[in-house]
Amino acid sequence: MAAINTSSLHVFQILRMLAGAHGPLGVTDVARAMELSPSTVHRALSTLEAAGYIRRDATTTKYEIGLMPQVLGRSMLDRHPLRRVAAPTLRRLADASGETISLTVRVGWYGVRIAVVHGASDIYQHRRLGEFGLLQEQPASRVILASLPEIEIQRYRRFVRGAAPAAAAFADRAPFLRELAAITAAGCAIGTSADGLGTILALPVRGGEGALVAAIALAGPTVPAHDIETDPRVAAWRAEISRLEADIRTAPQHAADPFAHIPADDIQFTGRA
Amino acid sequence: MPTMSLSVFRYDAVKLERNTRRIGAWMARKSRSMADAGDDAAEPESGSKTNKATVRILEVLSAFAGDRPDYGVTELAQALGMTKNMVFRAINTLVDQGYLVRTASGTRYELSYRVLDLMNPYQRDPDLPTLVAPFMAACSEITGETVLLAIRSADQFVVIGGIEAKADIVSRVPLGLTNPLHVSPSGRAMLAAMTDAEIEGYLRRNAPLRRVTPTTITEPAALWQEVRSVRARGYALGYGDSTTPKTSIGYAVRDAEGYVWGAVAAGGPAERFTEEKLRAALPRLNEVATTLAARTRLYTAVPLPAAIG
Chain Y
12 MAAINTSSLH
22 VFQILRMLAG
32 AHGPLGVTDV
42 ARAMELSPST
52 VHRALSTLEA
62 AGYIRRDATT
72 TKYEIGLMPQ
82 VLGRSMLDRH
92 PLRRVAAPTL
102 RRLADASGET
112 ISLTVRVGWY
122 GVRIAVVHGA
132 SDIYQHRRLG
142 EFGLLQEQPA
152 SRVILASLPE
162 IEIQRYRRFV
172 RGAAPAAAAF
182 ADRAPFLREL
192 AAITAAGCAI
202 GTSADGLGTI
212 LALPVRGGEG
222 ALVAAIALAG
232 PTVPAHDIET
242 DPRVAAWRAE
252 ISRLEADIRT
262 APQHAADPFA
272 HIPADDIQFT
282 GRA
Chain E
17 MPTMSLSVFR
27 YDAVKLERNT
37 RRIGAWMARK
47 SRSMADAGDD
57 AAEPESGSKT
67 NKATVRILEV
77 LSAFAGDRPD
87 YGVTELAQAL
97 GMTKNMVFRA
107 INTLVDQGYL
117 VRTASGTRYE
127 LSYRVLDLMN
137 PYQRDPDLPT
147 LVAPFMAACS
157 EITGETVLLA
167 IRSADQFVVI
177 GGIEAKADIV
187 SRVPLGLTNP
197 LHVSPSGRAM
207 LAAMTDAEIE
217 GYLRRNAPLR
227 RVTPTTITEP
237 AALWQEVRSV
247 RARGYALGYG
257 DSTTPKTSIG
267 YAVRDAEGYV
277 WGAVAAGGPA
287 ERFTEEKLRA
297 ALPRLNEVAT
307 TLAARTRLYT
317 AVPLPAAIG
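Going line by line, the protein sequences match chains Y and E.
Counting from 12, one number per residue, gives the positions in the first sequence under my numbering.
Counting from 17, one number per residue, gives the positions in the second sequence under my numbering.
I should point out that these hints are in silico values taken from the structure, not numbers from a laboratory.
Keep in mind it's a predicted model, so treat the numbers as computed, not measured.
Treat the hints with care, since some could be wrong.
[Stated by the list, open to error] Computed footprint of chain Y on chain E, listed as stretches where at least three residues anywhere in the stretch have a Cβ under 8 Å from a Cβ of chain Y:
#, segment
1, 79-87
2, 132-138
3, 155-166
[Said to hold, decoys possible] Ranges between beta-carbon positions, derived for each pair:
#, chain 1, residue 1, chain 2, residue 2, range
4, Y, Gln264, E, Arg124, 17 to 27 Å
5, Y, Gln24, E, Pro142, 20 to 30 Å
6, E, Ser121, Y, Thr203, 23 to 33 Å
7, Y, Arg254, E, Lys68, 26 to 36 Å
8, E, Thr146, Y, Arg189, 40 to 50 Å
9, E, Asp83, Y, Gln264, 11 to 21 Å
10, E, Leu191, Y, Ser50, 34 to 44 Å
11, Y, Arg254, E, Pro145, 31 to 41 Å
Using N, Cα and C, we set each Cβ at its ideal position, and we do this for glycine too.
Bound conformation, chain Y alone:
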């Protein structure tokens, strides 16, 4: 294994730091946080800026993540054929509901939001494309988790215990299993957005043999949180999704998983998981 250039390592560490930052950071901020000399940091930042990975704010002369990481992330997401195949369905749901529609798939023991389509409402719910989290974290990925066979759920709990012990506390309690059962019974999962203003309703997308290939979530101020079984809007949305499901049944490659060849336990996101 070839020795890795230390300065290359610093560059990636600094890039990851900027990727998680709440706002622009200056040379001193980064140098202090990473315990590196300002000249090393400055050199790394110049390198990243030259390659388009970060950009410098003209007024504050601080740095923030640039366009390239976004482009890379989106290119990676594009490897899921479902992104393109489901696009018309997501657009129709967005037009019908006026709300934000997202498509989540399973990557290992995580849920990843691989598509987001906004409706035309003036006030809209922002859902981050490429957001990932353990399957228990979001309504859409909970729908996927609930559909897994018992043995897979056990494997999931084992993984969480090892990879994210804080999250394991939730996965190990009885309410967790009860909630999964409730999701399966209702055929949907409901949650609230982080600021509490909007509802998130997640519906399953089944492939051949009834296994879930994805989940579609509607998020926004007018999404219903109650009486889901009787709400005619929800029925219309489910009908729209069943048309997508029919397409997937006839062409299973439309829901192909580009990471199928990697064992779930080997897939780990750093930092924010």
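Place chain E on chain Y using the hints.
Relative to chain Y, chain E alone:
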């Protein structure tokens, strides 16, 4: 009235891909020289301002942001103008950092899910001007003429930005200028990029077509002819749409859903920006347009709210 008679350039798919990667590498080098030129840093440095080996690693990673899902070492070396050894070392670092993985076959590499770690959750999507900026700069460099960006708004377009050429006599960037889609290379490029059904709808809603300049196409049959021309070439040309003889070319910009978002156009006085000059610039302009298309295809335009009533 002088007529444009440029032959259609047919593109070999492999050549186009190779050229697309070359323009990507060219733009990476361009942005690097632009960054160096603009940076009058006061930091006293013993070494160079950027780490060349790391820049190479980042360039290799950036190559995976295009249309191709995976690459082999030799292809990358050729596309980026690096030795196989350099590419191999770069790939090793990227695999070690988790941003690239081997494909299922084992001989090629592809982006790993870990690149999602680099997407900042607090960062908003770039707007169209931000996305298009480097490509407009490239067009400006290639033609030496004014480049403008127009955004579509229902059946019209609005000029929202541009780069004016650095010469004494130049074409203006008319910020805020609004025109129907059948007018000017910007408009016609966008119209041709729409579906037949959408164009039929446009014609229905806007008949009779308004004449804005002496050469505006107002006959639907002639407009369909023009649409077919533009679709065959991949760009729209200006037909003396302004008072002074002007050569201009426009490329449509689409989003991930195929929605026609806007157009990038370049133009200048016909005396300087001659037919020959445009013809000579076409291969590089087409490459830039292709790379821009690959970029805007990754984003979704924000829908305009529907009119009430």
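> Does the Cβ distance between Y:Gln24 and E:Pro142 fall inside 20 to 30 Å?
Replying inline: Holds - the Cβ-Cβ distance for Y:Gln24 and E:Pro142, about 25 Å, lies within 20 to 30 Å.
> Does the Cβ-Cβ separation between Y:Arg254 and E:Lys68 fall within 26 to 36 Å?
Replying inline: Given a distance of about 53 Å, which is not inside 26 to 36 Å, the answer is violated.
> Checking C-beta pairs, does the segment 132-138 of chain E have three or more residues closer than 8 Å to chain Y?
Replying inline: n = 7 at 8 Å, threshold three: holds.
>> Can you tell me if the segment 79-87 of chain E counts as covered by chain Y, using C-beta to C-beta distances under 8 Å and a minimum of three residues?
In response: It holds, with 4 qualifying residues against the three required.
> Does 23 to 33 Å hold as the CB distance between E:Ser121 and Y:Thr203, or does it fail?
Replying inline: violated (44 Å)
>> A range of 11 to 21 Å was offered for this pair. Does it hold for the Cβ distance of E:Asp83 and Y:Gln264?
In response: holds (19 Å)
> Is the gap between the beta carbons of Y:Gln264 and E:Arg124 within 17 to 27 Å?
Replying inline: holds (20 Å)
>> At least three residues with a C-beta closer than 8 Å to a C-beta of chain Y: is that true for the segment 155-166 of chain E?
In response: violated (count 0)
>> Is 40 to 50 Å respected by the C-beta to C-beta distance linking E:Thr146 and Y:Arg189?
In response: holds (47 Å)
> Taking the CB of Y:Arg254 and the CB of E:Pro145, does the distance hold inside 31 to 41 Å?
Replying inline: Because 37 Å falls inside the window, the suggested range holds.
> So does E:Leu191 sit 34 to 44 Å from Y:Ser50, Cβ to Cβ?
Replying inline: holds (42 Å)
Violated hints, listed in ascending order, are 3, 6 and 7; each of the other numbered hints is respected by the structure.
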